[in-house]
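Undergrad: Sequence:
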Amino acid sequence: MFAAAAPVTSLLQHLSAGTCLTDLPPDALLHIAKCGSRSERELGSMLVVFCSVHQALRLMLAEHMSRVRADHADELLRDAFALMKAPHAQEERAQSITSLNLAQSFGGPRPSMALARAIRVCGSLTSIDLSRNKLTSFGRDLSGLQSVASAIAESSLLTRLDLSVNRLGAEGSRIIADCISKSSSLIELNLYLNFLGPAGALAISDGVASSKSIRELDLSANKMGPWGAKAIADGIARSGLVCLDLSDNNLTNNGKDVTGIRAIAAALAISPSLEELNLAGNSIGPSGAEALAAGMAVSQKLSWIDLSHNVLCGVDAIGRGTHIVEGINALAEALGGRDTITHLDVRNNALDDMARQTLRDLASSRQTFALHMYP
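Position one of the sequence shown corresponds to residue 199 (the numbering used here), numbered consecutively onward.
Source of the hints: derived by calculation from the structure; they are not laboratory data. All of these numbers come straight from a predicted model, not from anything done at the bench. Keep in mind that the hints are not guaranteed to be accurate.
Straight-line Cα separation of at most 30 Å, DSS-like style, residue types lysine-lysine; simulated pairs [as the list claims (entries may be wrong)]:
| no. | residue 1 | residue 2 |
| --- | --- | --- |
| 1 | 410 | 380 |
| 2 | 421 | 499 |
| 3 | 380 | 421 |
| 4 | 410 | 499 |
| 5 | 421 | 410 |
| 6 | 499 | 380 |
| 7 | 454 | 421 |
Pair by pair, the computed Cβ-Cβ distance ranges are [as the list claims (entries may be wrong)]:
| no. | residue 1 | residue 2 | range |
| --- | --- | --- | --- |
| 8 | 562 | 382 | 45 to 51 Å |
| 9 | 502 | 325 | 20 to 26 Å |
| 10 | 562 | 321 | 50 to 56 Å |
| 11 | 411 | 550 | 43 to 49 Å |
Virtual Cβ for every residue (Gly too), placed ideally from N, Cα, C.
Please build the complete structure, drawing on both the sequences and the hints.
TA: This is the structure in structure tokens:
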């Protein structure tokens with residue numbers, strides 16, 4: 199670890215005019231962003247060097263780093279120096295890169311605009327992680343996000359994109375929705391914790407419905423509410439989605455409005471492709487459970503559903519409410535007639551003994567069925 203300190207300092211001076219160790223990711227990309235007169239090929243080469251150093255520093259700054267990880271960090275740094283001295287090797291590496299992990303690497307739109315130019319050079323990219331990067335400056339500037347989205351939409355090989363925790367908001371979601379609809383290759387998209395709200399849910403739903411490729415979508419923790427649930431339900435019915443995460447979105451407005459859950463249940467009944475659905479943490483009560491059971495009973499593809507951290511029996515986590523068995527009974531009846539549904543998670547639902555026994559009886563009657571009831 200200590201042997202690598204001198205090369206790190208030297209490389210930092212080369213990339214970002216002497217920034218300190220912990221500031222490398224944002225400052226290094228800012229340095230790239232300032233190179234506006236450089237060709238896209240040169241920017242792509244600089245990005246390759248940056249990524250090599252970034253990976254090394256992540257290893258070096260990790261707590262309790264082992265000797266093996268320290269050796270790997272040294273190897274990454276030596277590789278970065280070799281690339282700096284060989285422009286042709288940089289170009290070849292840029293063309294061969296298939297994955298970029300730039301999570302929590304920079305802040306604001308300016309570096310991301312430079313990144314968009316470099317993405318076009320790395321023609322073999324299949325996966326990009328841009329999570330936790332303040333791509334919109336807390337919603338104040340969408341120019342960087344627009345540039346990145348345009349570059350991604352043009353890619354014919356990119357299959358996975360992680361934009362979680364970037365405060366995209368409703369306006370940012372419209373940009374991403376347009377990207378989704380234009381991309382011919384994007385399969386997996388993570389938009390966890392982006393403050394999309396109901397309006398953002400509507401935009402993403404339209405984008406997904408227009409997409410020919412998207413199959414896995416994470417929209418968890420986006421404050422969608424019942425109205426957003428209705429919007430997403432429309433997308434479920436019109437898209438080829440296979441896996442969808444809607445957990446922690448307050449889809450029932452704290453149990454007061456089940457119209458969104460009913461819309462999702464209706465979409466389950468007609469979706470031609472949805473296999474996995476996560477509805478954990480949405481205050482779904484007995485009436486919502488009954489609605490979902492009706493949709494599950496006739497779903498074409500559903501095999502996996504997570505209903506944990508809800509109020510399926512009418513009692514919340516601190517014991518408030520009255521136990522009601524109709525929701526659990528409806529779920530058990532629906533699952534009893536659907537051998538295709540093989541996974542049910544109902545942990546943290548304050549199930550009483552009667553509800554647990556009903557579900558145990560269901561599990562014992564099925565040869566391949568995974569039931570999760572306990573934390």
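Undergrad: Are the Cα atoms of residue 454 and residue 421 separated by 30 Å or less?
TA: The hint holds at about 15 Å.
Undergrad: Verify the proposed pairing of residue 499 with residue 380, using a straight-line Cα cut of 30 Å.
TA: With Cα atoms ~26 Å apart, residue 499 and residue 380 stay inside 30 Å; holds.
Undergrad: Indicate whether the distance between the beta carbons of residue 502 and residue 325 respects the range 20 to 26 Å.
TA: 23 Å, holds
Undergrad: Indicate whether the distance between the beta carbons of residue 562 and residue 382 respects the range 45 to 51 Å.
TA: 47 Å, holds
Undergrad: Between residue 421 and residue 499, is the straight-line Cα distance small enough, at 30 Å or below?
TA: Distance of about 27 Å is within 30 Å: holds.
Undergrad: Please verify whether residue 421 and residue 410 have alpha carbons no more than 30 Å apart.
TA: 27 Å, holds
Undergrad: Residue 410 and residue 499: Cα distance at most 30 Å?
TA: 18 Å, holds
Undergrad: Could you grab the alpha-carbon distance between residue 410 and residue 380 and see if it respects the 30 Å cut-off?
TA: Roughly 9 Å between the alpha carbons, so the hint for residue 410 and residue 380 holds.
Undergrad: Please work out if residue 380 and residue 421 have their alpha carbons no farther apart than 30 Å.
TA: At roughly 26 Å apart (the allowed maximum being 30 Å), residue 421 and residue 380 satisfy the hint.
Undergrad: Given the hint of 43 to 49 Å, is the C-beta distance from residue 411 to residue 550 inside that range or not?
TA: 45 Å, holds
Undergrad: Assuming the hint says 50 to 56 Å, is it satisfied by the Cβ distance from residue 562 to residue 321 or not?
TA: 54 Å, holds
Violated hints are absent here; each numbered hint is respected by the structure.
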